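Could you build the full structure based on these sequences and the hints that come with them?
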Amino acid sequence: SQTIHQWPATLVQPVGSPLSLECTVEGTSNPNLYWYRQAAGRGLQLLFYSVGIGQISSEVPQNLSASRPQDRQFILSSKKLLLSDSGFYLCAWSVDSRGNQPQHFGDGTRLSIL
Amino acid sequence: SQKIEQNSEALNIQEGKTATLTCNYTNYSPAYLQWYRQDPGRGPVFLLLIRENEKEKRKERLKVTFDTTLKQSLFHITASQPADSATYLCALDEGGTYKYIFGTGTRLKVLA
Numbered sequence: 001s002q003t004i005h006q007w008p009a010t011l012v013q014p015v016g017s018p019l020s021l022e023c024t025v026e027g028t029s030n031p032n033l034y035w036y037r038q039a040a041g042r043g044l045q046l047l048f049y050s051v052g053i054g055q056i057s058s059e060v061p062q063n064l065s066a067s068r069p070q071d072r073q074f075i076l077s078s079k080k081l082l083l084s085d086s087g088f089y090l091c092a093w094s095v096d097s098r099g100n101q102p103q104h105f106g107d108g109t110r111l112s113i114l
Numbered sequence: 115s116q117k118i119e120q121n122s123e124a125l126n127i128q129e130g131k132t133a134t135l136t137c138n139y140t141n142y143s144p145a146y147l148q149w150y151r152q153d154p155g156r157g158p159v160f161l162l163l164i165r166e167n168e169k170e171k172r173k174e175r176l177k178v179t180f181d182t183t184l185k186q187s188l189f190h191i192t193a194s195q196p197a198d199s200a201t202y203l204c205a206l207d208e209g210g211t212y213k214y215i216f217g218t219g220t221r222l223k224v225l226a
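The listed protein sequences derive, respectively, from chains H and C.
Under our numbering, the very last position in the first sequence is 114; numbers go up by exactly one each time.
Under our numbering, the very last position in the second sequence is 226; numbers go up by exactly one each time.
The set of hints was computed from the structure by calculation and includes no laboratory data.
Do not take every clue at face value.
Listed next, the in silico EDC-like pairs over lysine to aspartate or glutamate satisfying Cα-Cα at most 20 Å (straight line) [stated by the list, open to error]:
(1) K117(C) <-> E208(C)
(2) K117(C) <-> E59(H)
(3) K213(C) <-> E59(H)
(4) K169(C) <-> D181(C)
Here are some chain H residues pointing at chain C (derived, C-beta under 7 Å) [what the hints assert, rightly or not]:
(5) N32
(6) R42
(7) G43
(8) L44
(9) Y49
(10) V51
(11) L90
(12) R98
(13) G99
(14) N100
(15) P102
(16) F105
(17) G106
(18) D107
(19) G108
If you're wondering where the values come from, they're calculated on a predicted model, not measured in any experiment.
Don't be surprised by glycine CBs; every beta carbon is placed ideally from N, CA and C.
And the structure:
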């Protein structure tokens with residue numbers, strides 16, 4: 001069966017520090033991969049998605065970036081965090097599809113910026 | 115652009131009753147509409163998917179309807195239980211792309 005792992009579960013970082021969040025998927029190949037951010041009481045905001053190794057689509061201009069160095073690995077990074085980067089970050093995967101397949105989410109990373 | 119509206123107010127119902135949650139969208143009718151459950155501090159979990167040519171979909175105590183004329187989906191939980199308490203999110207495909215749009219969710223609380 002397929003599983004998705006996200007780490008760390010919680011992270012407290014000072015303003016201006018770098019960030020690296022990692023997500024890996026097991027049990028499937030060539031998945032679509034997604035990074036979302038969820039602010040308190042808000043919906044899921046799509047940040048990046050990838051349909052293949054090295055292929056990254058950015059949805060929101062910001063100081064975050066994403067990379068997909070391997071088929072089942074998705075990394076969210078920042079060189080300098082802002083206070084506004086606080087939030088709940090979720091990684092998800094789906095079978096290669098255009099909306100007709102469910103998304104499977106990790107348990108998220110709670111990021112607090114001080 | 116497409117927007118999804120879900121009732122942001124919490125819904126409180128008594129155990130055993132049917133809970134009905136609403137998802138309205140504003141623009142084009144999506145080819146697919148999905149419902150997810152999210153517990154506090156956890157990622158959303160997929161529940162049901164309904165296609166635009168389907169009027170209704172069922173899974174155990176869950177039922178989803180899809181009315182493209184009203185631009186609305188209803189999500190029903192029959193014989194609700196306290197364990198059904200969670201936030202329920204509606205999601206749409208974005209025009210045949212690889213992207214999904216999520217609503218803000220409705221928090222359901224089932225009272226024992």
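Would the stated hint for G43(H) survive a check requiring a Cβ distance to chain C of less than 7 Å? Nearest chain C Cβ about 4 Å off; hint holds.
Would you check the hint for K213(C) and E59(H), treating anything up to 20 Å between C-alpha atoms as holding? holds, 10 Å
Was the hint right that L44(H) lines chain C, CB cutoff 7 Å? holds, 4 Å
Should the interface hint for F105(H) be scored as holding, given a Cβ-Cβ cut-off of 7 Å against chain C? holds, 3 Å
Does the alpha-carbon distance linking K169(C) and D181(C) stay inside the 20 Å limit? Answer holds: K169(C) to D181(C) is near 7 Å, not above 20 Å.
Residue hint R42(H), partner chain C, criterion CB-CB below 7 Å: holds, 6 Å
Restraint outcome when V51(H) is required to lie within 7 Å of chain C by C-beta distance: holds, 6 Å
Taking the least C-beta to C-beta distance, is P102(H) closer than 7 Å to chain C? holds, 4 Å
May I ask you to test the interface hint for R98(H) with respect to chain C, counting a Cβ-Cβ separation under 7 Å as satisfied? holds, 5 Å
Hinted pair, alpha-carbon criterion (20 Å max): K117(C), E208(C). Please report holds or violated. holds, 10 Å
Can we keep the N100(H) interface hint, with Cβ of chain C closer than 7 Å? holds, 5 Å
Measure nothing beyond the straight line between the CA atoms of K117(C) and E59(H); if it is 20 Å or shorter, mark the hint as holding. Cα-Cα ~16 Å, so holds.
Violated hints are absent here; each numbered hint is respected by the structure.
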